[in-house]
Each structure stands twice: as structure tokens, then as C-alpha cells.
Amino acid sequence: MNKPLDPAATVTRAEVEDFLYQEADLLDSWRLDDWLSLLTDIAEYYVPPNDKPDGDHRFTLFTIADDIVRLRERVIRLKDPNCHAEYPPSNTRRLITNVRITGMDGDLILVAANFAIFRHRRNEPAPRQFIGRYRYKLKRTDAGLKIQERRAILDAEELGAMGAVSFLL
Amino acid sequence: MLDHTNKDGRSNGYGDGGLVVEDTANLTFQVHRKVFVSPDILENENRAIFDKCWVYVGHASEVKNPGDFRTRHVAGRPVIFCRDRKGEVRALFNVCRHRGALVCREREGNTRQFQCIYHGWTYNTDGSVKGIPGDDAYPPSYDKQGKALTPVARLEHYKDFYFANLDPDAQDLHTYLAGAKDYIDLVVDQSPSGKMEIIAGTQEYDIKANWKLLVENSVDDYHLVTTHSTWLNYMRNSGVNVTPTKGHMLPTKGFGKDLGNGHLTTDNPNYRGRPVARWISVFGEEAKADIDAIRKELVGRLGEARAERVANTNRNLCIFPNLVINDGSSVTVRHFTPVAPDLMHVTAWALGPVEETEAQRARRLHAFLTFYGPGGFATPDDVAALELAQQGYAAWREVPWTDLSRGMGSSQEQLATDEGHLRVFWRKWDAMMNGASA
Ligand code: FES
Ligand SMILES: [Fe+2]
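Line by line, the protein sequences are chains X and E.
Counting from 1, position 82 in the first sequence corresponds to residue 82 in the numbering used here; the numbering is continuous, with no gaps.
Counting from 1, position 410 in the second sequence corresponds to residue 579 in the numbering used here; the numbering is continuous, with no gaps.
Please keep in mind that the hints were generated in silico from the structure rather than gathered at the bench.
Among the clues, some could well be false.
[Unchecked claim] Listed below are several chain X residues computed to face chain E (Cβ distance under 7 Å; list not exhaustive): (1) S29; (2) W30; (3) T63; (4) I64; (5) E73; (6) R77; (7) A156; (8) E158; (9) V165.
[To be verified] One side of the interface only, derived from the structure: several residues of chain X facing chain E at Cβ under 10 Å: (10) P49; (11) N50; (12) D51; (13) A65; (14) D66; (15) I76; (16) H84; (17) A85; (18) E86; (19) N123; (20) G160; (21) M162.
Glycine included, every Cβ here is placed at the ideal spot set by N, Cα and C.
Can you make the complete structure from the sequences, with help from the hints?
In C-alpha cells:
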């Protein structure tokens, strides 16, 4: 058996933090095509259901389980003024903390972080708050770090007042 | 009693005229928007409808083994839905007989007993009392066994779909379901053994809108082209033909049907693919042979005509008052409960045949998420539309009437893009609000 790669030899936490902050900025400013360029071409995006946060999307009904094909389509939809749930686009603000490199999966860098996302909409006095944790699989490429998998796991017992997850968590 | 005979459409609502006004001379059907905003009307709905109708509790597959339980709400009441140690399915109020605390706090699990944390009373899975700490302090005449968890008045199922009724005198479930049974059969027939199961993972979300708007929306094919244009776009990008047929709003011509007793459905030739069993490009080339095989099994078991019915039609079924089973891109079981006039709580699951292979199950779930649910390509826009409607009702006094006249006077069968099937709901709603039985 190969010895697992040492993440410390591959990437620093500061580098990962910079990457996540850059991603957050692209998402909050709705630069979604630029965001797509942060993904590998087999990237996946998951939001597990609130009652099965550790579920497997092949046997469990998720809130979102996108392969790269559907993820690209999701971005097409989000940019369309007929994406009524996000038109005009929500003002989102994401705070990302507790960033840690937790290990390696082959050549993929495993990253954990916490998030708090505030989503403001017209005609809604209070923001809808999405609190949870990210689990990333990042890949080091010639063009820098890329996202192979991102999983946004919500802490709430149910979506409840969050309503729909119509933007990218 | 409300005046149900008002025909002039000018009433200002509850108390001084009808809320549901069907004008058969001028062929209009209008509903007063007060029904979406009034706390009094919601209170009446809770008493006249939710306390009288069969309300969905859960599916047998969710309590497969003795001791399995799920905590649920039925018409707003906390309930334990469980299978007792002898194998009987039960719905017990999740309320301690001692001083009323919620007894079971977990969402789901398997247990030998339910214990109240307050003073420690314990109950068996059939609800009977197991133990009362310090019971020597009660007089000898004290009826300890009479303190079992209270069962809901009635619990019955049709093909593993369990419904509760708070009214002990309600007619039996099968009679109540009327023509809806045939449409449940079409769902269940997808399984070679006739066994479907709820798949793990629950979607629970609120919509800031009146619950009745989701009844309308769930079966309303008129809104598809505008509300769901981005989903149609996605289908088109994926190589699915979504061009409307000539003279029609949608790719296929479907119908809206009255199933009796307030139940209704759409019934549409499929164009958007079905895990059982119609291939579309979204499933990928590699799925073709598998879907052919599923289709072959259906034909062998059910015959060509019935297989065609099961595999090639989409049906959004609404069981009065608040259960929707969408058999479309995937199967969803969804029910919703009013919390306030302008707020509902929605719970949805995916349903599939128990025999599905891993690949088939994954395909079903993928297809589900393409359209349905709070992260789907369609449902969030439905939520947006319903919340916009609710916001519009702030002017219910000045702009009081909702119009549901599409298809009235048509000599043809009602289309799914008409509103004939929506009127079925509203007539039943109106009758029950005026004292009719369920
Ligand atoms: S309230 Fe349950 S034991 Fe007292
Ligand atoms: Fe819709």
C-alpha cells in the first residue's frame, strides 16, 4: 500500500483559505462563469438532505446532487432572468471560517470549513440564514487549485424558513 | 352558513356572500382571496377539513420492522407512526398521559419502548403503559392500563399509504379515496412485486404562502411554460424534444380529471422521461438497455395497454385535502400543512420500487432532482410564484377575486392546462367549509 501523501507537502492552509475566499467572492458577486472555471471537468456539487447529512446521493434523496453536466446547466439557469427564484438575484454574503486541511484522498486535498450565508431578498425584511459546513476535495493542477467536489452540509434539522436552495450554497 | 348561491361575483366575502362563486350562466369561476389571508378561515379549515378528512401519515416502508418509529405531525398534532413489536402499524399521539410532555423526541429509530423524560413514564410500542415510576403512590383503584398513549381515532392504509382520521365516524379510507385509488395503482404497478418504498432523505421546507396555493400549483399545467422556462431550456439543451404540439401549450396534450370526493389528477402523455420506463437523453446512452428491460418486465406482467399507461403517462395526483403524489420525472410523495394563513410547511419524499438496482435507484434520484424539490430546477420557481401570489393578496380587499375559469364551457374533456381539475378541489373545499362531510 502506498503511503498517503502528506497534505503539508502539497498545499498550505493559507493557500486554501485564499482559494475559498476567492470562490466566495465570485459566488456572492454572481460571477458564475468565472466560478465554473474553478471546477475540474468532473466536478460534483452536493447538498445532502437535512435529516441525512452523511447520506450517499445514490441511495438518498438529496437537496442537490449535481454532476458537472447538471452543474453547468444550473449556472445557465441561474444567469437566466427567468430563474424566478433568483431574479433579481439574491444578495448573498458568505462568511467562511475554521478552514482546515483534513487529509488526502489520493491526489485530492480534503478541506473542511464552516460557513454562514445570509441571503437577502427584496420584500423580505430579515435575511434567510444558511449555516453549515463545507467539505471540499481540491485538486492541484497546473492552473492552480481546482474543485473536484464540494459538499455544503446544513446544520438545521430541516430547511424550514430557508425555503428553497435556489442559489449556490 | 355561507351564502353559496351568490352569482353576481360582487360579494366581499365571508359572512356576506360566497367565497367560491361558480357562475354557470356566464361561465366564470371565482374564489375570494380572503380564503388565503384570513386567520378565521384557517381556523375553520382546521376544524371542518383537517379534523374530518383522511390525512396522510406515512408509508409502510418507513416502519418496516417491529419497533421502527417515525415522529410526524397529523393535522398539526404530534404523532408517533410506528410498527409495534407484534408487527401492527400504529399512529399514537406523541403526548404523555401523565402531564402532557412530548414523549418521543427523535425523528426516527427502532425501540422497545417510549420513555417520557419528565417523570419517566414508559410505554410499549403498541402504546400500552409499561411502567410508572413510584406507582405505589396511586390509589389501588387507579387505572394504570387505561393510561396508554392515545391512538389517533382512525388509521387505515391503501397499498401501504397510511392515512389517519381524527373523526371516529369518518367513512372508511377506501371509499373516501374514490377514483384516486386507480391512480395510486398506476404508481404501485411500477414495482414487479407491487411494493414501493420511501427512499431515505426528507425534503422539509416552508413556503410563505397559503397551503391551498400548493394544491393548485401541483396540478396546474398552465404555469409550466412561463414559470419553468429554465427547466424546459435545460431539457432542450439535453436533447429532449419540448416543442409544443400544434394548437397546444405543451409538448403533449394532457387532461385534468375529477376523481370524485375532491380528489383530482393530471393525466399527460409523457415527454420528459420516466425511470419506469421511458428513456430520454438525460439518462445517458448507457441507460437505454436497462430502461428497455424495465419496460419489457412491465409489458410481460401487465400487458401492453396497461404497461403503456404506467410507463408513458405522467400523473400529478392530489388527494384532498393536502397530499400530492407526482408520478412524473420521478415519483414524489408530498404533503403540506398550514401553519398560518400565509405560511405552509411542506414535506416531500421520493418513492421507488423496492426491487430497483443501484443504478436504477441512482437514476431515479437524479431524475427527481432535475425538476423537484427545494434545490431542483423547477420547484424553487413554484415557491417564488406562490410567495408572489401571497404578497399580492395584501390587496385582497381591493382586488378580491382569483379567477379559475379556464376551460369552462368547453365541450371537450378538460385539459391539464385548463382549470377544471382545480375547480374540483375548490368545490369540495367550499362544500366542507359549509358543513358537508368528508
Ligand atoms: S409528563 Fe410524562 S411522565 Fe410526567
Ligand atoms: Fe410548477
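Quick check on the hint: X:W30 CB to chain E CB, less than 7 Å?
violated (15 Å)
Going by Cβ atoms only, is X:I76 closer than 10 Å to chain E?
holds (7 Å)
Minimum beta-carbon distance criterion (7 Å), X:E158 to chain E
holds (4 Å)
Let's test the interface hint: is any C-beta of chain E closer than 10 Å to that of X:A65?
holds (6 Å)
Is the hint on X:M162 kept, meaning its closest Cβ partner in chain E is under 10 Å away?
Hint on X:M162: holds, closest Cβ of chain E at ~7 Å, below 10 Å.
Tell me if the interface restraint on X:N50 is satisfied: Cβ within less than 10 Å of some Cβ in chain E.
At about 7 Å, which falls below the 10 Å cut-off, the nearest Cβ of chain E leaves the hint on X:N50 intact, so it holds.
Interface hint for X:G160, Cβ within 10 Å of any Cβ on chain E
Holds, because the Cβ-Cβ distance from X:G160 to chain E comes to roughly 5 Å (cut-off 10 Å).
Can we keep the X:E73 interface hint, with Cβ of chain E closer than 7 Å?
holds (5 Å)
Grab the minimum C-beta distance from X:V165 to chain E and call the hint holds if it beats 7 Å, violated otherwise.
Status holds, d = 4 Å.
Quick one, is the X:H84 hint okay against chain E at 10 Å, beta carbons?
Holds - the Cβ of X:H84 comes within 10 Å of chain E, reaching about 4 Å at its closest.
Against chain E, is X:I64 within 7 Å by beta-carbon distance?
holds (4 Å)
Does the interface hint hold: is X:T63 within less than 7 Å of chain E, judged Cβ to Cβ?
Hint on X:T63: holds, closest Cβ of chain E at ~4 Å, below 7 Å.
Violated hints for the displayed structure, listed by number in ascending order: 1, 2, 7.
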